[in-house]
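Chemist: Here is what each chain is made of, one letter per residue.
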Amino acid sequence: MAEEMGFLRRHFEDVKEHWKSNFAYLDYYKKTLGRREPLPKWTDADVEEFIASDPVYGPQLKALRESKKYGIAGALLGAAHLGGVSWKYSKSPHGVVLATGFGAICGGFFGLEVAEHVNQLYKFDKQAANLRFLYWWEDKTLGNKHLASGAQQN
Amino acid sequence: MALMLHAGNGNKNAFKALIAAEYSGVNVELVKHSEMGVSNKTPEFLKMNPLGKVPVLETPYGPVFESSTVARYGFLSGTSLDLLRGRNSITGTLTSHSTAPLYGSRPIHGSSVLSESAKGISSNRPLSPNLILKKPQLSATYSISHRIFGAALCTAILVTPVLMKFSVVYDV
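Protein chains in written order, with full-length UniProt numbering: chain A, 1 to 154; chain B, 1 to 172.
If we strip away everything but chain A, and leave its shape as in the complex, we get:
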């Protein structure tokens, strides 16, 4: 009887762990959106520092940052193409604006997809790379605050 309870409890704990790992992606939003006060804003130099310091997640973040220009280029191309087509065939001004916007979205999406394959972003967890940077930044800034207040007390 005790063995069965033990078995069931173990199974239940396993199921809980399984679901916790399923919802692990929510950590990202807890760290970005779920803060009481926002983290101080980081600069490109801070990101470069992290990239240099971390051997695992640094290169991943570097690859992500390189993909930014693919997205922008794709958005510009898409906006120009679809906006041009819509202007050529229909002179309605609001139609051209909406078409340009939608072209930007689709072009940006496609450009990021191209970047994903050129920079091999599919090989790693992109959200995890961002999260690791946030952990590092959090330790750096809030850790400094603790140290500073500790120094004052001393």
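FYI, nobody ran anything at the bench for these hints, they're computed from the structure. Treat the hints with caution; some may be incorrect.
[What the hints assert, rightly or not] Taking lysine-lysine pairs in the BS3-like style, the calculated list, with each CA pair at most 27 Å apart, reads:
hint: 1; chain 1: B; residue 1: Lys165; chain 2: A; residue 2: Lys20
hint: 2; chain 1: A; residue 1: Lys16; chain 2: A; residue 2: Lys30
hint: 3; chain 1: A; residue 1: Lys69; chain 2: A; residue 2: Lys20
hint: 4; chain 1: B; residue 1: Lys41; chain 2: B; residue 2: Lys53
hint: 5; chain 1: A; residue 1: Lys123; chain 2: B; residue 2: Lys12
hint: 6; chain 1: A; residue 1: Lys30; chain 2: A; residue 2: Lys41
hint: 7; chain 1: A; residue 1: Lys16; chain 2: A; residue 2: Lys41
hint: 8; chain 1: A; residue 1: Lys30; chain 2: B; residue 2: Lys165
hint: 9; chain 1: A; residue 1: Lys16; chain 2: A; residue 2: Lys140
hint: 10; chain 1: A; residue 1: Lys16; chain 2: A; residue 2: Lys31
hint: 11; chain 1: B; residue 1: Lys47; chain 2: B; residue 2: Lys16
hint: 12; chain 1: A; residue 1: Lys30; chain 2: A; residue 2: Lys20
hint: 13; chain 1: B; residue 1: Lys53; chain 2: A; residue 2: Lys41
hint: 14; chain 1: B; residue 1: Lys165; chain 2: A; residue 2: Lys68
hint: 15; chain 1: B; residue 1: Lys165; chain 2: A; residue 2: Lys62
hint: 16; chain 1: A; residue 1: Lys31; chain 2: B; residue 2: Lys16
hint: 17; chain 1: A; residue 1: Lys31; chain 2: A; residue 2: Lys69
hint: 18; chain 1: B; residue 1: Lys16; chain 2: B; residue 2: Lys41
hint: 19; chain 1: B; residue 1: Lys12; chain 2: B; residue 2: Lys32
hint: 20; chain 1: B; residue 1: Lys53; chain 2: B; residue 2: Lys12
hint: 21; chain 1: A; residue 1: Lys16; chain 2: A; residue 2: Lys68
hint: 22; chain 1: B; residue 1: Lys165; chain 2: B; residue 2: Lys135
hint: 23; chain 1: A; residue 1: Lys30; chain 2: A; residue 2: Lys68
hint: 24; chain 1: B; residue 1: Lys165; chain 2: A; residue 2: Lys69
[Claimed, not checked] Every beta carbon over 12 Å from chain A, so not counted as near; a handful from chain B, in silico:
hint: 25; residue: Gly8
hint: 26; residue: Thr42
hint: 27; residue: Gly62
hint: 28; residue: Ile144
hint: 29; residue: Pro161
hint: 30; residue: Val168
hint: 31; residue: Tyr170
[To be verified] Label-pair restraints from in silico Cβ distances:
hint: 32; chain 1: B; residue 1: Ala156; chain 2: A; residue 2: Lys31; range: 54 to 64 Å
hint: 33; chain 1: A; residue 1: Gln120; chain 2: B; residue 2: Ile144; range: 45 to 55 Å
hint: 34; chain 1: A; residue 1: Pro59; chain 2: B; residue 2: Gly150; range: 43 to 53 Å
hint: 35; chain 1: B; residue 1: Pro136; chain 2: A; residue 2: His94; range: 41 to 51 Å
hint: 36; chain 1: A; residue 1: Glu17; chain 2: B; residue 2: Thr155; range: 31 to 41 Å
hint: 37; chain 1: A; residue 1: Tyr89; chain 2: B; residue 2: Lys135; range: 15 to 25 Å
hint: 38; chain 1: A; residue 1: Ser92; chain 2: B; residue 2: Lys41; range: 30 to 40 Å
hint: 39; chain 1: A; residue 1: Arg36; chain 2: B; residue 2: Ile144; range: 17 to 27 Å
hint: 40; chain 1: A; residue 1: Phe12; chain 2: B; residue 2: His146; range: 35 to 45 Å
Every residue gets a Cβ at the ideal spot worked out from N, C-alpha and C, and that includes glycine.
Assemble chain B onto chain A, guided by the hints.
Modeler: Same frame as chain A, but now just chain B:
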């Protein structure tokens, strides 16, 4: 101003029209020198009534012939005549000074050149959709809020993966 009735003097069918005119208070006059067999064969007359028969009443909307029709519709205010002709306005040319209520009468307006829809407005015809008079109903409110919610839901579903793809690259 009087409406002209084309008929010979003493024509019994013309009396039908004249009696109706008297009852409805419309000013109607017989044309002078209308001769049976002669005046109703002229091209101008045939333009009014291709059948070449009398009496024919000249109204602002066009000629009306067949004595019973003339009696019934010829002297009414815009309503029935417009029904006859598929329009819905009246002008003040029927009687300029009549105070007696016309059969099926509506307020008489000064005549002017109006479009069909403008005439409809001036004659107080209920417009469709009649939003002013229609009672706001709960089913309609539910229906539109359902549609708005559906549109918002579709937008959220379509936009979420797009935002996620962009945010993963551009957040840091």
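Chemist: Do the beta carbons of A/Tyr89 and B/Lys135 sit within 15 to 25 Å of each other?
Modeler: Since the Cβ atoms of A/Tyr89 and B/Lys135 sit about 45 Å apart, the hinted range of 15 to 25 Å is violated.
Chemist: Take the C-beta atom of B/Pro136 and the C-beta atom of A/His94, compute their distance, and say whether it sits inside 41 to 51 Å.
Modeler: Roughly 31 Å apart at Cβ, these two residues miss the hinted range, so it is violated.
Chemist: Find the nearest Cβ of chain A to the Cβ of B/Ile144 and say whether that gap is larger than 12 Å.
Modeler: Fine: 23 Å to the nearest Cβ keeps B/Ile144 off the interface.
Chemist: Starting from the hint 35 to 45 Å, judge whether the C-beta atoms of A/Phe12 and B/His146 obey it.
Modeler: holds, 41 Å
Chemist: Is it correct that the beta-carbon of B/Thr42 has no partner in chain A closer than or equal to 12 Å?
Modeler: holds, 57 Å
Chemist: Would the pair B/Lys165 and A/Lys69 pass a check requiring their Cα atoms to be no farther apart than 27 Å?
Modeler: holds, 14 Å
Chemist: That 17 to 27 Å hint for A/Arg36 and B/Ile144 (C-beta), does it hold up?
Modeler: Because 39 Å falls outside the window, the suggested range is violated.
Chemist: Are the Cα atoms of B/Lys165 and A/Lys20 separated by 27 Å or less?
Modeler: Judged against 27 Å, a Cα distance of about 23 Å means the pair holds.
Chemist: Okay, A/Gln120 versus B/Ile144 on CB: inside 45 to 55 Å?
Modeler: 49 Å Cβ-Cβ, so the 45 to 55 Å window holds.
Chemist: Take a quick look at whether B/Lys165 and A/Lys62 sit within 27 Å of each other, Cα to Cα.
Modeler: holds, 17 Å
Chemist: With the threshold set at 27 Å, check whether the alpha-carbon distance from A/Lys16 to A/Lys31 stays at or below it.
Modeler: Holds, at about 22 Å.
Chemist: Regarding the pair A/Lys16 and A/Lys41, is the alpha-carbon distance no greater than 27 Å?
Modeler: violated, 36 Å
Hint violations for this structure: numbers 3, 5, 7, 9, 13, 16, 21, 22, 29, 30, 31, 32, 35, 37, 38 and 39, all remaining hints satisfied.
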